[in-house]
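Trainee: Here our numbering is used: the first residue of the sequence shown is 6, the next is one more, and so on.
Bear in mind the hints are in silico, worked out from the structure with no lab data behind them. Small disclaimer: the values here were computed from a predicted structure and weren't measured. For every residue, glycine included, the Cβ atom is placed at its ideal position computed from N, Cα and C. A few of these clues could be false.
To be verified - Computed Cβ-Cβ distance ranges for the label pairs, DEER-style:
1) L89 to M35: 35 to 41 Å
2) K23 to I63: 22 to 28 Å
3) F109 to V49: 50 to 56 Å
4) P65 to W24: 49 to 55 Å
5) L89 to L59: 40 to 46 Å
6) Q64 to P37: 32 to 38 Å
7) H111 to P22: 27 to 33 Å
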Amino acid sequence: MSCDAGCSAVRAMRRGPKWIILKEILPNVMPPLIAEFGLRFCFVFLTIAALSFLGVGIQPPTADWGSMVRENATLITYGDVTPLLPAGAIALLTVSVNFVVDWFLHVTSGLRDEK
């Protein structure tokens, strides 16, 4: 279908640009945008945590999970699990964001589970 045919159909229904944006364009654009948001959020968050772990990211006294892991890394040799707590929080956040984005994409895609 060409743009002329689609535009003519919308004009025949007497719909304006606001209707076209809200009913035609937005529902088709939202799932890719949400998927992109989920990927970029996790990428940026993991990059900031990695840079903070290396000492070139967020500087103290600002709290950051990456710097918390670095500050407590020597405790692993003594059998202390303290550095694993912020590392686990980083992993939990990124996995949770991915699950929420996947769930939202499944809900908005219109696909139904076969039973």
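Trainee: Confirm or reject each hint.
Mentor: Verification of the supplied hints:
Take L89 and M35: their Cβ atoms lie about 37 Å apart, and the range 35 to 41 Å holds. Range check, K23 to I63: about 42 Å between beta-carbon atoms, so the 22 to 28 Å window is missed. Between F109 and V49 the beta carbons are some 19 Å apart, a value that contradicts the proposed interval 50 to 56 Å. Between P65 and W24 the Cβ separation comes to about 53 Å, which falls inside the hinted range of 49 to 55 Å.
In this structure the supplied range 40 to 46 Å is violated for L89 paired with L59, their Cβ-Cβ distance being about 18 Å. Evaluation of the 32 to 38 Å hint for Q64 and P37 yields a pass: the beta carbon distance comes to about 36 Å. Distance hint for H111 and P22: a CB-CB separation of about 30 Å, consistent with the stated range 27 to 33 Å.
Hint violations for this structure: numbers 2, 3, 5, all remaining hints satisfied.
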